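Q: As a plain string of letters, each chain reads:
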Amino acid sequence: MSVEETTMLAAIGDESFAKRTPVIRQLLYRPSAVFGLAVIAVLVVLLAFGPLLVPHPHTAQMISRRLEGPSADHWLGTDHLGRDLLSRLMIGTRVALGTAFPSVLAALLSGLVIGLVAGYAGGWLDNLILIAMDTLQAFPALLLALALMALLDPSINNVILVIAIAYTPGYARVVRAQVLSVKEEQFIEVERSLGAGHLRIALVHIVPNMLPPLLIMLAMDLPSAIATEAGLSFLGLGVRPPTPSWGTILSDGFERIRTTPWPVIGGSLALMITTLGFTLFGEALRDILDPRVSGSRRV
Amino acid sequence: MKSLPKLSCIMVVVLVLGTVLAACGAEEPSTVPSPTPPEAAEIEPTEPPEPTQPPAPEEPKILKLRITSDMRDLDPAFIPQNVDSNISSNIHEGLIVYPGDLTKTEEILLAEPFTVSDDGLTISFRLHEGIQFHKGFGELTAEDVKYSFERFQDPELDPPYRDDWAALDKVEVTGRYTGDIILEEPFAPLWQSTLPVTAGWIVSAAAMEEMGRDALATAPVGTGPYEFAEWIPNQRVVLRRFEDYWGEPPEWDEIHFLVITESSAAEIALESGAVDFGAVGTDAVERFEANPDFDVYPVDTLNYTWMAMNVQHPNLEDVNVRRAIRAGIAVDSLIEAAYDGRYARARSMMAPSLLGAWHDAPLYERDVEQARAYLAEAGLESLDVTLTFENITENATMAEIIQANLAEAGINVELIPQEGGLFWEEGYGAEGARVRQLTLMAYATNPDPAWVTVWFTCAQVEEWNWMYWCNEEYDRLHDEGMREMDPEARAEIYVEMQQLMDEAAHSAWIAHPTSFFVAKRTISPVVMATGEFIPWRFTSK
Amino acid sequence: MAYYIFKRLVMALVVMLLATVLLASLAHLIPGDPVKLMLGPRASEEMSARVRTEMGLDDPIPVQVANFVIGLLQGDLGRDFATRSPVSNMISAALPHTVALAVASLGMAVLIGIPLGVISAARPSSWLDRTLGFLSVSLITVPTYVSALLLLLLFAVGLNLISSIGAGDFSDPVGYGKQLLLPATALALTWIGYLARLVRTSLLEILNQNYIRTARAYGLRERTILFTYALKNALIPTVAVLGVGMGNLLGGAVFVEVIFTRPGLGSLIYRSITQRNYPAARGAILVAAFLFVLANLIADMSYRYLDPRIRTWES
Numbered sequence: 000m001s002v003e004e005t006t007m008l009a010a011i012g013d014e015s016f017a018k019r020t021p022v023i024r025q026l027l028y029r030p031s032a033v034f035g036l037a038v039i040a041v042l043v044v045l046l047a048f049g050p051l052l053v054p055h056p057h058t059a060q061m062i063s064r065r066l067e068g069p070s071a072d073h074w075l076g077t078d079h080l081g082r083d084l085l086s087r088l089m090i091g092t093r094v095a096l097g098t099a100f101p102s103v104l105a106a107l108l109s110g111l112v113i114g115l116v117a118g119y120a121g122g123w124l125d126n127l128i129l130i131a132m133d134t135l136q137a138f139p140a141l142l143l144a145l146a147l148m149a150l151l152d153p154s155i156n157n158v159i160l161v162i163a164i165a166y167t168p169g170y171a172r173v174v175r176a177q178v179l180s181v182k183e184e185q186f187i188e189v190e191r192s193l194g195a196g197h198l199r200i201a202l203v204h205i206v207p208n209m210l211p212p213l214l215i216m217l218a219m220d221l222p223s224a225i226a227t228e229a230g231l232s233f234l235g236l237g238v239r240p241p242t243p244s245w246g247t248i249l250s251d252g253f254e255r256i257r258t259t260p261w262p263v264i265g266g267s268l269a270l271m272i273t274t275l276g277f278t279l280f281g282e283a284l285r286d287i288l289d290p291r292v293s294g295s296r297r298v
Numbered sequence: 000m001k002s003l004p005k006l007s008c009i010m011v012v013v014l015v016l017g018t019v020l021a022a023c024g025a026e027e028p029s030t031v032p033s034p035t036p037p038e039a040a041e042i043e044p045t046e047p048p049e050p051t052q053p054p055a056p057e058e059p060k061i062l063k064l065r066i067t068s069d070m071r072d073l074d075p076a077f078i079p080q081n082v083d084s085n086i087s088s089n090i091h092e093g094l095i096v097y098p099g100d101l102t103k104t105e106e107i108l109l110a111e112p113f114t115v116s117d118d119g120l121t122i123s124f125r126l127h128e129g130i131q132f133h134k135g136f137g138e139l140t141a142e143d144v145k146y147s148f149e150r151f152q153d154p155e156l157d158p159p160y161r162d163d164w165a166a167l168d169k170v171e172v173t174g175r176y177t178g179d180i181i182l183e184e185p186f187a188p189l190w191q192s193t194l195p196v197t198a199g200w201i202v203s204a205a206a207m208e209e210m211g212r213d214a215l216a217t218a219p220v221g222t223g224p225y226e227f228a229e230w231i232p233n234q235r236v237v238l239r240r241f242e243d244y245w246g247e248p249p250e251w252d253e254i255h256f257l258v259i260t261e262s263s264a265a266e267i268a269l270e271s272g273a274v275d276f277g278a279v280g281t282d283a284v285e286r287f288e289a290n291p292d293f294d295v296y297p298v299d300t301l302n303y304t305w306m307a308m309n310v311q312h313p314n315l316e317d318v319n320v321r322r323a324i325r326a327g328i329a330v331d332s333l334i335e336a337a338y339d340g341r342y343a344r345a346r347s348m349m350a351p352s353l354l355g356a357w358h359d360a361p362l363y364e365r366d367v368e369q370a371r372a373y374l375a376e377a378g379l380e381s382l383d384v385t386l387t388f389e390n391i392t393e394n395a396t397m398a399e400i401i402q403a404n405l406a407e408a409g410i411n412v413e414l415i416p417q418e419g420g421l422f423w424e425e426g427y428g429a430e431g432a433r434v435r436q437l438t439l440m441a442y443a444t445n446p447d448p449a450w451v452t453v454w455f456t457c458a459q460v461e462e463w464n465w466m467y468w469c470n471e472e473y474d475r476l477h478d479e480g481m482r483e484m485d486p487e488a489r490a491e492i493y494v495e496m497q498q499l500m501d502e503a504a505h506s507a508w509i510a511h512p513t514s515f516f517v518a519k520r521t522i523s524p525v526v527m528a529t530g531e532f533i534p535w536r537f538t539s540k
Numbered sequence: 000m001a002y003y004i005f006k007r008l009v010m011a012l013v014v015m016l017l018a019t020v021l022l023a024s025l026a027h028l029i030p031g032d033p034v035k036l037m038l039g040p041r042a043s044e045e046m047s048a049r050v051r052t053e054m055g056l057d058d059p060i061p062v063q064v065a066n067f068v069i070g071l072l073q074g075d076l077g078r079d080f081a082t083r084s085p086v087s088n089m090i091s092a093a094l095p096h097t098v099a100l101a102v103a104s105l106g107m108a109v110l111i112g113i114p115l116g117v118i119s120a121a122r123p124s125s126w127l128d129r130t131l132g133f134l135s136v137s138l139i140t141v142p143t144y145v146s147a148l149l150l151l152l153l154f155a156v157g158l159n160l161i162s163s164i165g166a167g168d169f170s171d172p173v174g175y176g177k178q179l180l181l182p183a184t185a186l187a188l189t190w191i192g193y194l195a196r197l198v199r200t201s202l203l204e205i206l207n208q209n210y211i212r213t214a215r216a217y218g219l220r221e222r223t224i225l226f227t228y229a230l231k232n233a234l235i236p237t238v239a240v241l242g243v244g245m246g247n248l249l250g251g252a253v254f255v256e257v258i259f260t261r262p263g264l265g266s267l268i269y270r271s272i273t274q275r276n277y278p279a280a281r282g283a284i285l286v287a288a289f290l291f292v293l294a295n296l297i298a299d300m301s302y303r304y305l306d307p308r309i310r311t312w313e314s
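Chains as they are written, first to last, in numbering that gives the first Met the number 0: chain A, 0 to 298; chain B, 0 to 540; chain C, 0 to 314.
Hints may be right or wrong, so weigh each one.
[As the list claims (entries may be wrong)] When the alpha-carbon atoms are kept at most 20 Å apart in a straight line, the in silico SDA-like pairs for lysine to any residue are as follows: (1) K145/B / L156/B; (2) K177/C / L257/B; (3) K145/B / K103/B; (4) K540/B / N290/B; (5) K6/C / N126/A; (6) K231/C / V117/C; (7) K177/C / S271/B; (8) K519/B / T67/B; (9) K103/B / T114/B; (10) K182/A / R199/A; (11) K519/B / L156/B; (12) K182/A / N126/A; (13) K60/B / V117/C; (14) K145/B / T114/B; (15) K6/C / I130/A; (16) K231/C / N209/C; (17) K177/C / E270/B; (18) K6/C / A131/A.
[Unchecked claim] Far from chain A by the CB rule (all over 12 Å, computed), these chain C residues: (19) S47; (20) R51; (21) D171; (22) G250; (23) L264; (24) Y269.
Hints were generated in silico from the structure; no laboratory data involved. Keep in mind it's a predicted model, so treat the numbers as computed, not measured. Just so it is clear, CB atoms sit at the ideal spot from N, CA and C, and this is done for glycine as well.
Next comes chain A alone, as it looks inside the complex:
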């Protein structure tokens, strides 16, 4: 590991700095990472305290004041039911993060199990799993999610399920590849000769080794999961209408784009800032933990 670590850290520039500084401190030295962290911090605050922070209750309707532009009272204007747009965007954070985190985490966990089984078992089981993953990946991720959503009622739980299914093969592949490369290493051979069980080897040696790359993947997948949820909701195949998702706000705005631009502008900004924040943070994390992996898989 140490040789790889050296090459890894060399890319950042100051080797000795990197070696003795914890990851968080290193992040704080990168402007893009600081921006990413700030965005994430704001989102987490909104997630936790959103209902206390909103200027208006996000469900309060005022039909006579619908589709208004920005004013001192409503900073981003009102939607088609006279509800405060800013408040709805703030509450929308809950859907965005509340879908993205569980779905990506579920994909990681199921990918971990599938990949471990495939890599560890080898043989026909491995081939079977590989072909199954190939088949799922034969569909562009969004189309797979669309096809699955057509089978299910629109709800947050189903969106989570669908995104998790679409993202699982990616994790399973990475885990499998890692298992294959670690499996043959000397210390595993030694352990095995000492009589360690498969599960023990997997949990103690293999899983901890592959956590950094998986964490990077997770960080990079979060923004795409957020975008996928909002995309499904935009198409009316995501969360149900009364729940304020950024995607439904955009879709309501799209229907009335010639009347008022504010819902489209507001929803777009929320999505752009969020995905950019998560991506910058994820890339900084990647550069620090493992600079060899480059480029995000999904765009």
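Start from chain A and add chains B and C according to the hints.
A: Here is chains B and C on its own, set in the frame of chain A:
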């Protein structure tokens, strides 16, 4: 070092492949190649051509119209939606037709007026001679009339509009051009909502024989001023002027129906000149009224929208609960938010201009206290119900307001948006009576009261009566109304039926939609109170 | 190499077959009675039952799936529920518009993204490089539908410059091109950012390699080195990502075609899914999946063919 040429080579291959694919695909669906480039479609907005200087003959006149969804079935016995009748009405003709106004009809295919027997059960007709069907299917004869009407009674074919000819016994052919339509019993809707609408259109018996219904459903043959030319799924339908048309040749060489689903897209298409005519959303009306290049044609339709309450559902079986819900919603804000206040509020399911409309029906204003009182009378403090609706913008808007309205009265509403297919299937019959509670509904109608009341009879509980409400007195009145030929007596019967519905409190009537059609200033369109338009009657100014 | 190609082809075929089976069985789980949808609201029970039998919907699902696969091998994708016309007709009417969209946006991405990458790599760590780097990340992260909505808002609604609705007609190439401009840009933005980054990274990597250092030592001009030697090799990885790119384009095309109301494969998929028109949805998604697998295959093959390192390694 040779990789660049290879790279460009591969890119060229990919591009060529793409182009070939595009080229192959583009031609396949066209049954008839379109001879005209789209630029030719532009109608000169200024200076109508002088009679002495006719326009260059190679410039065909094309009328371009928006349709809100793709066509599905143009067979008169199967027409599933207005889009299909808007297209099919240029291809098919009936013995009589509305001249653009639903209060009167005019006889067209007939050489002399109908003669009706004293009991009203035998209607004799004589056709014009020499009327030709499209695509060489020969002359129109009384046999075609017989075939077209009697197929509604064919159990093998079993068309959805069989009830339009429910009273038909048979059509007797008495000569090549003459025949008698024989009814089993008096049938009041015959002249208003059977003969002049799709159920009265004549198809070619020979074409049906030769091509079969399935083929004709998407490439029909009639006697109308336009014949079917081309259909590119989800893009456009093209009709071409029928050169052997028996009547006055119509104005346009071709009529193009362009599929534009979204209202906002249709508005842009109008403004950019991609279409000459089409329906727009209520939010665009003001903009087009202000634009000197366009005229707006508002058409108050006979259609009706409402919130239906399932009287069979345990949550809603108590009439006081239904009264609470009716008192709890602000119908005016529904209309304001969903339709920009541009639809007329409905007092019942019958629009004011329809025979039998109940003009003094009560208008329920929102009264939260009253709603709570009704709820208390039912022995409840709060209630959880579901509201199902077809997932389109206006419905979603209304559903969210209803949800907020009823929450204040202690009624929690769960919203269930469904796409068209599922929405119509789930509510149908027994399954619907079990699962549906509140449902946002919209029905269209032809201009006869029986066409409105028929959906709420006991027999329809198994089909389209989504209040799942059965009242024997209502059923009796419905049958009486079909047989009663005196308009005033008929009107009284229908008012009584609406009062029965009001007492049952199973519906919160919302609106009679107004269709807003926008046409280029250079075009005079013809639109009807059914929300349909008649392209072949359009003229240029 | 020949063995590898063979293996890869066989795998692609197996995956396509499995994807077909998966999709055909999925489609039968869609809620909603397709027959009612097809016949319209007023159809009777008897008639629905007859159509159900006619269309084989009463067969057990495995039989229906097998029938679909057999039909597919004969080029038959089934009949659309709404119009009873062949699904293959709908797809062949839609596909050219999506191919045009994909080719135009990939073209844009190549024409803009690659030069941006070269500019960045020419002066690494300069302010220009940093600005372009930030721009690229931003472009990559903006969801396609956001780009599409903002372009629509800015150019079609705000400035009223371009009529942005529908696809136009192939018989009018100029008009068609104009209609294509905004949608293709919306779809291309992500890829402009992505290619710019990719080209920059691989260019920098190559510029650090021995033969370039040697060239520098021989005193060749930096410009000559950059364009004559380095760029050619740096472009090879872009070929590899074009396959993945195709998948993203097909996904993004759904949004772009819905927002700009283009009658392509994406909007066909969207419409059939929301209308529960499952033969159409099944056929259209399947064609998209096949295109994706094919694009991946071609990209993979060309990459291996082009990259001398992989070729020697393989043999």
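Q: Give a verdict on every hint.
A: Here's how the hints hold up against the structure:
no. : hint            : verdict
1   : K145/B / L156/B : holds, 15 Å
2   : K177/C / L257/B : holds, 19 Å
3   : K145/B / K103/B : violated, 25 Å
4   : K540/B / N290/B : holds, 18 Å
5   : K6/C / N126/A   : holds, 14 Å
6   : K231/C / V117/C : holds, 11 Å
7   : K177/C / S271/B : holds, 13 Å
8   : K519/B / T67/B  : holds, 18 Å
9   : K103/B / T114/B : holds, 18 Å
10  : K182/A / R199/A : holds, 13 Å
11  : K519/B / L156/B : violated, 42 Å
12  : K182/A / N126/A : holds, 17 Å
13  : K60/B / V117/C  : violated, 53 Å
14  : K145/B / T114/B : holds, 17 Å
15  : K6/C / I130/A   : holds, 13 Å
16  : K231/C / N209/C : holds, 16 Å
17  : K177/C / E270/B : holds, 16 Å
18  : K6/C / A131/A   : holds, 17 Å
19  : S47             : holds, 22 Å
20  : R51             : holds, 20 Å
21  : D171            : holds, 26 Å
22  : G250            : violated, 3 Å
23  : L264            : violated, 10 Å
24  : Y269            : violated, 6 Å
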